[in-house]
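Novice: Here's the letter readout for the chains.
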Amino acid sequence: MKHNLYMTPFLVISITAIVVLPNAVQASEAPLNYFLHSYGPAAKPTMYLGWVLAGLSVIICIVISLLLLTAIIRKRSRSDPYSIDREGGGLLWIYIGTGISTIILFGLVIYSSMILNQVAKPTQTPALTVTVTGYDWWWKVEYEHDDPTQHIITANELHIPVGLPVLIKLKSADVIHAFWVPKLAGKTQMIPGLVNQQWIQADMSGIYAGQCVQFCGAGHAHMGLEVIAKSPQEFEDWQNTQRKTAMLSFKTFEDPGYKVFMDQCAGCHTIRGTEAAGKHAPDLTHLNSRRKIAAGLLANTPDHLKKWIMNAQELKPGSRMPSFALSNHEIAALMLFLSNLD
Amino acid sequence: MAISDKKHNLPDNRLERVPEYGCAPTGSTVEMRLAHTWECNPGWRGWFSTVDHKTIGIRYLITAFIFLIIGGIEALIMRAQLSLPDQTLLTPEQYNQLFTMHGITMIFLYALPILSGFSNYLWPLLLGSRDMAFPRLNALSYWIFLFAGVFMYASFPLGQAPNAGWFNYVPFSGPIYNTGPNIDVFALGMVLLGISTTVGAVNFIVTLFKMRAPGMTINRVPILVWGTLTASVANLITIPAVSLAFLLLWLDRQVGTQFFDVANGGKPLLWQHLFWIFGHPWVYAIVLPAMGIVSDALPTFCRRPLVGYTAVALATMATMMFGFVVWVHHMFATGLPTISLSIFGAASMAISIPSAVAVFAWIATIWLGRPVFKTPFLFFAGFVILFVIGGLSGVMVAAVSLNWQLNETYFVVAHLHYVLLGINVFPVIGGIYYWFPKFTGRMMNEKLGKWSFWVMFIGFNAAFFPMHIAGLLGMPRRIYTYSSHMGWDTVNMITSIGSFIFAIGILIFLVNVMISLKRGVLAGSNPWDAATLEWSISSPPPAYNFAVIPIIASRHPLWENRLNESSERSSLSEGYLLTAGHETIGTSPIDAKPQVILKMPGDSYIPFFVGLFVSLLFVGLLFHWWSFIGVMTAACCITLILWMWPQKSLAQRTVFNADHSSQNNSEKI
Numbered sequence: 001m002k003h004n005l006y007m008t009p010f011l012v013i014s015i016t017a018i019v020v021l022p023n024a025v026q027a028s029e030a031p032l033n034y035f036l037h038s039y040g041p042a043a044k045p046t047m048y049l050g051w052v053l054a055g056l057s058v059i060i061c062i063v064i065s066l067l068l069l070t071a072i073i074r075k076r077s078r079s080d081p082y083s084i085d086r087e088g089g090g091l092l093w094i095y096i097g098t099g100i101s102t103i104i105l106f107g108l109v110i111y112s113s114m115i116l117n118q119v120a121k122p123t124q125t126p127a128l129t130v131t132v133t134g135y136d137w138w139w140k141v142e143y144e145h146d147d148p149t150q151h152i153i154t155a156n157e158l159h160i161p162v163g164l165p166v167l168i169k170l171k172s173a174d175v176i177h178a179f180w181v182p183k184l185a186g187k188t189q190m191i192p193g194l195v196n197q198q199w200i201q202a203d204m205s206g207i208y209a210g211q212c213v214q215f216c217g218a219g220h221a222h223m224g225l226e227v228i229a230k231s232p233q234e235f236e237d238w239q240n241t242q243r244k245t246a247m248l249s250f251k252t253f254e255d256p257g258y259k260v261f262m263d264q265c266a267g268c269h270t271i272r273g274t275e276a277a278g279k280h281a282p283d284l285t286h287l288n289s290r291r292k293i294a295a296g297l298l299a300n301t302p303d304h305l306k307k308w309i310m311n312a313q314e315l316k317p318g319s320r321m322p323s324f325a326l327s328n329h330e331i332a333a334l335m336l337f338l339s340n341l342d
Numbered sequence: 001m002a003i004s005d006k007k008h009n010l011p012d013n014r015l016e017r018v019p020e021y022g023c024a025p026t027g028s029t030v031e032m033r034l035a036h037t038w039e040c041n042p043g044w045r046g047w048f049s050t051v052d053h054k055t056i057g058i059r060y061l062i063t064a065f066i067f068l069i070i071g072g073i074e075a076l077i078m079r080a081q082l083s084l085p086d087q088t089l090l091t092p093e094q095y096n097q098l099f100t101m102h103g104i105t106m107i108f109l110y111a112l113p114i115l116s117g118f119s120n121y122l123w124p125l126l127l128g129s130r131d132m133a134f135p136r137l138n139a140l141s142y143w144i145f146l147f148a149g150v151f152m153y154a155s156f157p158l159g160q161a162p163n164a165g166w167f168n169y170v171p172f173s174g175p176i177y178n179t180g181p182n183i184d185v186f187a188l189g190m191v192l193l194g195i196s197t198t199v200g201a202v203n204f205i206v207t208l209f210k211m212r213a214p215g216m217t218i219n220r221v222p223i224l225v226w227g228t229l230t231a232s233v234a235n236l237i238t239i240p241a242v243s244l245a246f247l248l249l250w251l252d253r254q255v256g257t258q259f260f261d262v263a264n265g266g267k268p269l270l271w272q273h274l275f276w277i278f279g280h281p282w283v284y285a286i287v288l289p290a291m292g293i294v295s296d297a298l299p300t301f302c303r304r305p306l307v308g309y310t311a312v313a314l315a316t317m318a319t320m321m322f323g324f325v326v327w328v329h330h331m332f333a334t335g336l337p338t339i340s341l342s343i344f345g346a347a348s349m350a351i352s353i354p355s356a357v358a359v360f361a362w363i364a365t366i367w368l369g370r371p372v373f374k375t376p377f378l379f380f381a382g383f384v385i386l387f388v389i390g391g392l393s394g395v396m397v398a399a400v401s402l403n404w405q406l407n408e409t410y411f412v413v414a415h416l417h418y419v420l421l422g423i424n425v426f427p428v429i430g431g432i433y434y435w436f437p438k439f440t441g442r443m444m445n446e447k448l449g450k451w452s453f454w455v456m457f458i459g460f461n462a463a464f465f466p467m468h469i470a471g472l473l474g475m476p477r478r479i480y481t482y483s484s485h486m487g488w489d490t491v492n493m494i495t496s497i498g499s500f501i502f503a504i505g506i507l508i509f510l511v512n513v514m515i516s517l518k519r520g521v522l523a524g525s526n527p528w529d530a531a532t533l534e535w536s537i538s539s540p541p542p543a544y545n546f547a548v549i550p551i552i553a554s555r556h557p558l559w560e561n562r563l564n565e566s567s568e569r570s571s572l573s574e575g576y577l578l579t580a581g582h583e584t585i586g587t588s589p590i591d592a593k594p595q596v597i598l599k600m601p602g603d604s605y606i607p608f609f610v611g612l613f614v615s616l617l618f619v620g621l622l623f624h625w626w627s628f629i630g631v632m633t634a635a636c637c638i639t640l641i642l643w644m645w646p647q648k649s650l651a652q653r654t655v656f657n658a659d660h661s662s663q664n665n666s667e668k669i
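Residue numbers (this note's numbering), protein chains in the order written: chain A, 1 to 342; chain C, 1 to 669.
Please keep in mind that the hints were generated in silico from the structure rather than gathered at the bench. Check each hint, because a few of them may be wrong.
Listed next, the in silico DSSO-like pairs over lysine-lysine satisfying Cα-Cα at most 30 Å (straight line) [stated by the list, open to error]:
no., chain 1, residue 1, chain 2, residue 2
1, C, Lys267, A, Lys75
2, A, Lys169, A, Lys230
3, A, Lys121, A, Lys140
4, C, Lys518, C, Lys374
5, A, Lys44, A, Lys140
6, A, Lys75, C, Lys450
7, A, Lys75, A, Lys140
8, A, Lys230, A, Lys75
9, C, Lys267, A, Lys279
10, C, Lys450, A, Lys121
11, A, Lys140, C, Lys267
12, A, Lys306, A, Lys244
13, A, Lys171, A, Lys259
14, A, Lys44, A, Lys244
15, A, Lys292, A, Lys251
16, A, Lys251, A, Lys279
17, A, Lys292, A, Lys44
18, A, Lys121, A, Lys230
19, A, Lys44, A, Lys121
20, A, Lys169, C, Lys267
21, A, Lys140, A, Lys259
22, C, Lys267, A, Lys171
23, A, Lys306, A, Lys279
24, C, Lys374, A, Lys75
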C-alpha cells in the first residue's frame with residue numbers, strides 16, 4: 001500500500017514527461033501558443049503573469065501533495081486500534097495554512113490588478129482604428145476613412161503597422177463571436193447590438209494567428225483570421241492597393257466568367273468597381289492579395305479556390321457558402337475571372 | 001414490555017400530548033407496530049406511491065448515475081472524434097449536440113441530483129428523524145426530476161437535441177439561428193427541472209431546522225448537512241434567475257417577445273447575466289455537499305473527529321456567500337468596465353480562502369489521525385489533490401487579464417473537470433463505497449474497490465491534466481475538429497486515451513456494485529466503526545428509521561464512550577416512541593428542543609400524478625396543444641387540491657401547542 005502511494009505519482013509524472021517532452025518542441029511552435037510566445041505590450045505582461053501564476057500553482061500543488069502523502073504514510077506510534085483520538089487540536093494547521101494562502105492571494109490580487117491596468121489601455125493614443133465584424137463564420141475587416149472612397153474592406157486578414165497601438169472595434173452581424181489573436185492580446189466578445197473595443201500592438205513584423213473562441217455554431221472550428229504586421233511603409237503601400245477598385249478589363253456579360261459570377265456569387269459577394277455588391281460574404285475585390293480563403297481554412301491557391309467553390313459544404317460543413325454545381329466550362333471561366341482580382 | 005420508565009417522561013405539560021418515552025428493541029410489540037405503520041405497499045402500488053426518503057434517495061442515486069453514464073458515453077464519442085486531427089467521425093452539428101447534451105446531462109441531471117440522492121437518503125438518518133419534513137414533496141421532487149430528464153432527452157433520438165452549449169447563449173439559441181424544437185426542449189425542460197430543485201431545496205431546509213433529534217443542536221449536525229443546507233438556500237435564491245431566463249427565451253422563440261432580440265432593442269448580455277447569476281452559485285451547490293461527504297466520512301477512516309468542525313462549517317457558508325458575487329468572472333471578455341472586472345476578479349480569488357480552510361482541515365485530520373486504507377479513504381484522499389489542482393487553476397483564471405487568454409480554451413475545460421469530477425464524482429463514488437453497506441446491508445468488494453480507484457485516478461489525470469496544456473497552446477473549446485499544424489495532436493491523443501481509462505475505472509466500480517449487491521459480505525449496523533447516527537441502526541435501515549427518536553448529547557454519538565469529552569451520553573436505545581401512526585418529533589431550529597409531534601403523511605399516489613400532469617403540461621407547451629394544456633392545468637389543480645385537502649390523521653394542530661416558545665421545556669436534555 002505504502003509502496004503504491006509513493007510510486008504512483010512519480011510513475012504518472014515520468015510517463016507523462018517521456019511522452020510529452022519530445023512533442024513539447026512541436027507544441028511550442030503552435031500558432032496560438034500565447035503562453036510561451038506573446039508579443040507586444042497588450043499581451044506580454046499577461047504572459048509573465050501567467051508564468052508567475054503557473055509556477056506558483058505547481059509549487060503549491062507539490063507542497064500540498066507532499067504534505068498529504070506524508071500525512072498518510074508517516075510513522076505512528078502503536079496504539080489501541082479501537083481507540084478514537086480527541087476532537088481538539090490541529091487548528092494550528094488551519095490557521096497557518098489559511099494564513100499563508102490569504103497572504104499569497106492578497107499579493108496575487110494586487111499583482112493581477114496591476115497587470116490588468118497595464119494591458120487594459122495603450123499608453124499612447126492608437127494610431128489606427130479598425131472595425132472587425134464577426135459573421136457566421138468569417139471576419140469582415142474595415143479601415144474607415146473620412147473620404148468614403150478611401151474606405152477599405154477586406155476579410156479574415158488584419159494588416160497593421162509594426163510598433164503602433166491599433167484600436168479594434170468589435171461588432172457582430174449575427175451571433176456572439178470572440179476576437180482572439182492570443183499572441184498579441186486576450187479575447188473580447190463580439191456581441192450583436194454592442195460595439196466592444198480592444199487594442200493590439202505588434203513589436204515585430206510577422207503573421208499572428210487568430211481564432212473565434214466563443215462557440216458560434218457549425219463553423220466555429222473553422223473561423224480563423226490572421227494579423228499581418230508590417231513596417232509602416234509597407235502598411236501604407238498595402239492600404240493604397242486595397243483602396244483601388246477592381247481593375248477588370250472585361251466587366252461585361254459577354255465575358256462568361258463575369259456572367260457566372262454575377263449570376264451565382266454577386267448576391268453575397270462584392271467586387272468594388274462592378275455591379276456585384278452583396279453584403280453577406282467577404283468582399284472579393286482584392287481576393288488574390290489574401291493568404292488564405294474560407295476564414296483560414298485553406299491556403300489561397302487556384303486549386304483550393306476551385307475546390308472551395310465546388311465543395312464548400314464538405315470542407316466547412318454548415319457554411320453559408322453553398323457547394324456550387326458548375327459545369328467544367330463555367331468553373332473554368334469563373335476561375336479565369338477570379339484570377340484577375342489582384 | 002418495552003414501554004417502561006414513565007418517570008423519564010419529558011416534564012413538558014405544554015405539549016398537548018406528552019410523547020411516550022421508552023425502549024423499543026427489535027421484535028418488541030412497539031417495534032412491530034412501527035414496522036407495520038411505516039412499511040410501504042408491496043408491488044407496483046408501492047412503487048408509485050412510496051414517500052419513504054430512503055427509497056426516493058436510492059432512486060435519485062440510480063437515476064443520476066444512469067445520466068452520468070449517458071453523459072460519459074457522449075464524452076467518449078467526442079474524445080474519439082478529437083483523438084486525431086481532421087477526423088470526420090462526427091459532423092459539426094452532431095458534435096455540437098453531443099457536447100451540449102454532455103454538459104446538460106452532467107451538470108443538471110447528474111451533479112445535483114446525485115447529491116440530492118445522498119442527502120435524501122441520509123438526512124433523516126443523520127438527523128435522527130423518521131422522514132423528511134415533507135415526504136410527499138420529496139416524492140414529487142423525484143418524479144419531476146425524472147420526467148424533466150426524459151423530457152430534455154426527448155429530441156435527442158430525432159437528431160434535434162439542444163446544440164447551443166449548456167450555457168446556451170443568445171442570439172445563437174434564439175429563434176433566428178436555431179429554428180428546430182431543440183432549444184425549446186432545453187428551455188422548458190430547465191423550467192420543469194427548476195420546480196423539482198426548488199421543492200427539494202425547501203424540503204432540505206425545513207427538515208434541517210425542524211426535524212433534528214432532540215439535543216442535536218445546530219453545532220452538532222454533520223458537515224454534509226451544512227453543505228446541503230447551503231446548497232439548498234443558494235438554489236432557492238438562484239433558480240428563479242435561470243427559470244426566468246429560460247422562460248424569457250421560450251417566449252422570444254414561441255410567443256414573439258423580444259427580450260433578447262437585438263433588432264428590436266433586446267439585450268444578449270442580459271442572458272449572460274441571468275444565466276451566470278444562477279450558474280456560478282450552482283457550481284458551489286454541486287460541490288459543497290460533496291465536500292461535506294468527505295468532511296464526514298474521512299474522519300471515520302482517520303479514527304478521529306474532523307479537525308476544525310466549526311471552521312469547516314463556516315467556510316462552507318462563506319464559500320457560498322462569495323459564490324454570489326463572482327458570476328461576472330464568466331463574462332470578463334464581454335467588454336464590461338475594467339474596474340468592475342477587477343472587483344469580481346478579486347472576489348473570485350478570495351473565494352479560495354474558505355477552500356483553503358477545508359483543505360487544511362482534511363490534511364490535518366489525516367495527519368493527526370491513524371488512516372485506515374479502505375477504498376473510501378483512497379477516494380477522499382485522491383479528491384483532496386484534485387481539489388487543490390482545480391482550485392489553483394481556478395485562481396489562475398480569476399486573474400482578469402490572464403482570463404482573457406485562458407477563458408473559452410481547453411484550460412477552462414480542464415479546470416472545470418478537475419472541479420466537477422474531482423470535487424463531485426470522486427467524493428460521490430467514495431461516498432457510495434462508504435454508505436453502500438447502509439444502503440444494502442452488504443459491503444463492497446475491497447479489491448475491486450482499490451482497482452477502481454487507481455484506474456479512475458490515473459485515467460482522470462491522464463485525461464484532464466493535458467487539457468491544461470491544450471488550453472495554453474491555444475485550443476478553443478467546442479471545436480469539433482482541429483488541424484494538425486496547430487500543435488495539439490499529442491495532448492489530444494493523451495486526453496482521449498486517459499478518458500477511456502477513466503471510463504474503465506467507472507466500469508470496474510459498476511461491476512463491483514453488481515457483484516457486491518448479490519455476494520457482498522454482510523455488513524452489520526456499523527461496519528466502519530463510524531460516529532454518526534445512521535450507523536446506530538440496522539443495515540439496511542428499517543422503514544421507520546429509528547424505533548425510538550434518539551436524544552443526542554454530542555457531535556459523535558457513537559464515539560462518546562471513547563472520546564469521553566464530557567459526562568453526557570446520547571440516548572440511542574431509549575427515547576420518544578411515537579407510535580400513533582406516522583409520527584416523528586419536531587424540534588426548535590437552533591437548540592433542537594422538542595416542540596411538536598409531527599404527523600407525517602403515508603404513501604400517496606398524488607405526488608406521482610402531480611408530477612405527471614405538470615410534465616405533460618410542459619409537453620403541451622412544447623407542441624402548442626392549447627386545449628391539452630388547459631386539461632393538464634385543471635388536472636394539476638385538482639390533484640393539488642386533493643393533496644392539500646385537510647386530513648384528520650395529519651391534523652397536527654390538535655397536538656400542537658399554539659405557544660411554541662418551549663425554550664426551557666426540558667432541563668433534562
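Novice: Quick one: which hint numbers does this structure break? Sort them smallest to largest.
Specialist: Numbers 1, 7, 8, 10, 13, 14 - these are the hints that the structure violates, sorted from lowest upward.
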